[in-house]
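Got chain A; can you put chain B on it based on the hints?
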Amino acid sequence: MTALAVARPTLGAWRSELWVPVGAVVVALLGGLALVAAAGVSLPAAVAAFADGAWGSAYAVGASLNRAVALGFVGLGFIVAHRANLTNVGGEGQIAMGGIVSTALCLYGGAASLPGPLAWIVPLVAAAIAGGVWGSIAGVLKVRIGTNEVISTLLLSFIGVWALYGCVQSTRLLRQPMTDSATLPESLEVPAATQVPQIAPSLDMPLHAGAIVLVLLAALVAVVLARSLFGLRLRAVGLNPAAARRAGMPIGATVVVAMFIAGAFAGLAGGFMLQGEQLALKARFPSGYGIDGLVVGLLARGTVKGVLASALLFGFLRSGGIAMELSAGVPSAIVLVIQGLVILLLAGSAWWLHRRKRA
Amino acid sequence: MPEAAARETLLAIDGVGKRFGDLAALDGVSLEIAAGEIHGLLGENGAGKSTLCNIVFGVHRADAGAMRLGGAPYRPGGPADALAAGVAMVHQHFSLVGDLSVVDNLLLGQARGFLRRSEFAAEVARLSETFGLALRPQAIVQELSVGERQRVEIVKCLMRRPRLLVLDEPTAVLLPDEIDGLLRVCERVAASGCGIVLVTHKLAEIRRTAHRVTVLRHGRVVARSDAPADEIDRLVRAMIQRDLAGAAPALRAAVGSDLRTNGAAAAAPKDAGAAGVEPPGEVVLRVEGLGLRDADGVPLLEGVAFTVRRGEIVGIAGVEGNGQSELVAVLSGATAATAGGFRVDDAPMSDHAPKTLTAAGVGVVPEDRHREGSVPAMSLALNLALSTLQRFRRWGLVDRAALAGEARDRMRAFDIRAAGPDVPFASLSGGNQQKAVLARELSLPGLRLLVAAQPTRGLDVGAVEAIYAQIRAAADRGVAVLLASSELDELLAVADRLLVMYRGRVMGECAASQESRPRIGAWMAGHAA
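These protein sequence lines are chains A and B, in that order. Here the first sequence stands for residues 1 to 359, numbered as in our numbering. Here the second sequence stands for residues 1 to 529, numbered as in our numbering.
In isolation and in its complexed conformation, chain A is listed as follows (with noise of 0.2 Å):
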């Protein structure tokens, strides 16, 4: 009755794998606070700065909240993509390619004279389309002649993050009207009906509606991988491609469509940080959300649970760290040396546990 055993852990196992990985984020945090000392700033200052960007007033909760919402949907389409053992690392073009398509259609693509909310969902759906398209090169080229998929989306990620610089550099493209000298590389805002509405605009807390659609989603990702046929068969195909090609399953197909999903959700997620937050494409918009997106995916070991809370985790941690950076004149080196570590020790501990589990 072993299978039953692992089936159900006892509360023990519930509670460590709850506190253990809130000890690594604290060890990390500890380390961190040592590392701010060490380069000689003030370490009360350090955590004010942290704590005032991170969650210090209603806005910095809903930037927070909002940066959170976009790594959750680059997280969700990598942990699908996952499920078929297939990394998707080109999360910051497929966010780029998303922008750009739901930004053309703001402006010049007449969503604003859509009827309702068709103004800000048609251009968001584009986006989404946009980054799935982006994605799905490289199942494609996968499935057609083998290339690794890691090195496909990364290298498509930069033709993508290169495009998002033409299309904001041209006036020809996207780039608003030369006035004067001084007109920055960036396009239009976006016209306020193709805005993503906001939860709460009284509270002055920046929250758009992306974080409704991410919950949403969430749940839905977590019953097709669990319960669908589609689900079933991204993990036999990931498991064991001979065994699902034995079995008549469609691997090609799959392949092109889990990089679909997993493109889609970061398109989806750059539509969202587009119209919902910066509502200007420009030419660094999608910068570290592609890579902080593919960790978020990767801490959470294919749990959509674990996308939301790493996702949280690394909304917050980002917003501090920026904060830590900009007030408190903590060099950004040493910022991303602590989100390093979180990693690390969140991955070690993940480790720790799964071995402690098996002994």
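Rather than coming from a laboratory, the hints here were simulated on the basis of the structure. Each hint should be verified, as a subset may be incorrect.
To be verified - Have a look at the derived ranges for each label pair, beta carbon to beta carbon: (1) B:77 <-> A:250: 48 to 54 Å; (2) A:38 <-> B:15: 55 to 61 Å; (3) A:146 <-> B:346: 34 to 40 Å; (4) A:34 <-> B:420: 46 to 52 Å; (5) B:97 <-> A:146: 23 to 29 Å; (6) A:38 <-> B:160: 52 to 58 Å; (7) A:252 <-> B:360: 17 to 23 Å; (8) B:160 <-> A:227: 57 to 63 Å; (9) B:115 <-> A:38: 51 to 57 Å; (10) A:227 <-> B:360: 26 to 32 Å; (11) A:117 <-> B:399: 34 to 40 Å; (12) A:113 <-> B:402: 45 to 51 Å.
Cβ atoms here follow ideal geometry from the backbone N, Cα and C, with glycine treated the same way.
This is chain B only, laid out in the frame that chain A set:
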């Protein structure tokens, strides 16, 4: 007949135990091996033979008990310690570099500083002559037969002048003639004073060479014999806990008790069992001029043509690596033939996808049940329905209750032993995994043809019997069966007709009877009979 002799004890194993998780692989095993003795270690798969060998060779450490080698405490920390103490082992899987010559392979493990090829070559020649190991020192390993490669491994051990040589299932991969040669080598090595542990589950080999025998079952010593040749029946009973006389022919074939002795008896019950069945009907599988070349144009299959009829079991015999795997790969849709093709019920199937074959009623038990036959990390229930999962779709989701219900039916019908339908496939024993794969394929809707490759490899005797009973029952229901196996005795016991493959061609075809054995042996070795 080997004589039992009282010699000085070389290796004393005293109460050795070893656990892997919850499984006690060895439990209080004690035995003694004398210098100059061939000690047979007998047991079914999973009885603990390989674990014991690995403890002696230092791969695993014992959890309990102690060993003494030549009177001194012996507790190897790894294979290097074992080799230094004079214990060498020939594994089931060889570790040779194909592109290098025999001498260079031997130099690999032992060279220090400069390579002394000529000295080594002379040493190889000397050992070859002393022990009757025909080997050409300059031959490239890749071009050698399996038997020759094994001889290289043995020479590799002998060059270290071991006191104890462990051979783990050395005869499983050999041709009948090569088995004779190997046993002769063992006798000569033992005569030189070296102790030999010969692991096997073939009784004929024990009868011929072993001075003493220890029988393991479920990790314990269940029988010993100082005169194994006279006590074969008692040893078999201990090994399988059943009487051989009452056992099915496939079971007797699996332990090889009939090997070249009273073989005719083995065929009789099969014919009796088949007597009530109508004679084979229409052709189900027709293979026509099938050819396959690899990317470099090297032919793997050439001009293979045969038929399998309704209700008939056709066996494919041959030494492994002569095209059987490739033939099954083509017939299961894993590989596209480069010439010719095959028909199922007169519909051309060449180069068709597995899905089409499944729809045409072709079930496949792949050679490697982990690689192609299952997804070990998924549940038993899912693996039992892997190729027909869409049948369980309801409201767009998979109906787990129906899936589990059908899995329970299959588990009952095929005697698959597991804690429940939702346990991971990987947690099942090898025999139950194979039964599950077979259950899935035999339960295909509209099954017409079953292609099974090495369905009993690595299984214990009881599972072998169950697998063949199911295959025989399917044939009696009218399913055409193509069965590839390197266990000739099993094929002779189960099949109606045999094809013998050699280097990608069908060398000959004959009835599956003991009288055909000399012809089959010649075909397996590449001689036209």
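Holds or violated: the 23 to 29 Å window for the beta-carbon distance between residue 97 (chain B) and residue 146 (chain A)?
holds (27 Å)
Does the beta carbon distance between residue 160 (chain B) and residue 227 (chain A) stay inside 57 to 63 Å, or does it fall outside?
holds (58 Å)
If I claimed the Cβ atoms of residue 38 (chain A) and residue 15 (chain B) lie 55 to 61 Å apart, would that claim hold in this structure?
At 58 Å between Cβs, range holds.
Does the hinted range 26 to 32 Å hold for residue 227 (chain A) and residue 360 (chain B) at CB?
Holds, at about 31 Å.
C-beta pair residue 146 (chain A), residue 346 (chain B): status relative to the range 34 to 40 Å that was hinted
Since residue 146 (chain A) and residue 346 (chain B) have Cβ atoms about 36 Å apart, the given range 34 to 40 Å holds.
Assuming the hint says 46 to 52 Å, is it satisfied by the Cβ distance from residue 34 (chain A) to residue 420 (chain B) or not?
holds (51 Å)
Pairwise beta carbon distance, residue 38 (chain A) to residue 160 (chain B), judged against the given window 52 to 58 Å
holds (57 Å)
Given a hint of 45 to 51 Å, does the C-beta separation of residue 113 (chain A) and residue 402 (chain B) actually sit inside it?
Given range 45 to 51 Å: holds, Cβ gap about 50 Å.
Is the hinted range of 34 to 40 Å satisfied by the C-beta distance from residue 117 (chain A) to residue 399 (chain B)?
holds (36 Å)
51 to 57 Å was suggested as the range; check whether the CB atoms of residue 115 (chain B) and residue 38 (chain A) agree with it.
For residue 115 (chain B) and residue 38 (chain A) the Cβ distance comes to about 54 Å; the hint holds.
Is 48 to 54 Å right for how far apart the beta carbons of residue 77 (chain B) and residue 250 (chain A) are?
holds (50 Å)
Could you see if the CB distance from residue 252 (chain A) to residue 360 (chain B) stays within 17 to 23 Å?
Holds - the Cβ-Cβ distance for residue 252 (chain A) and residue 360 (chain B), about 22 Å, lies within 17 to 23 Å.
In the structure shown, no violation is registered for any of the earlier numbered hints.
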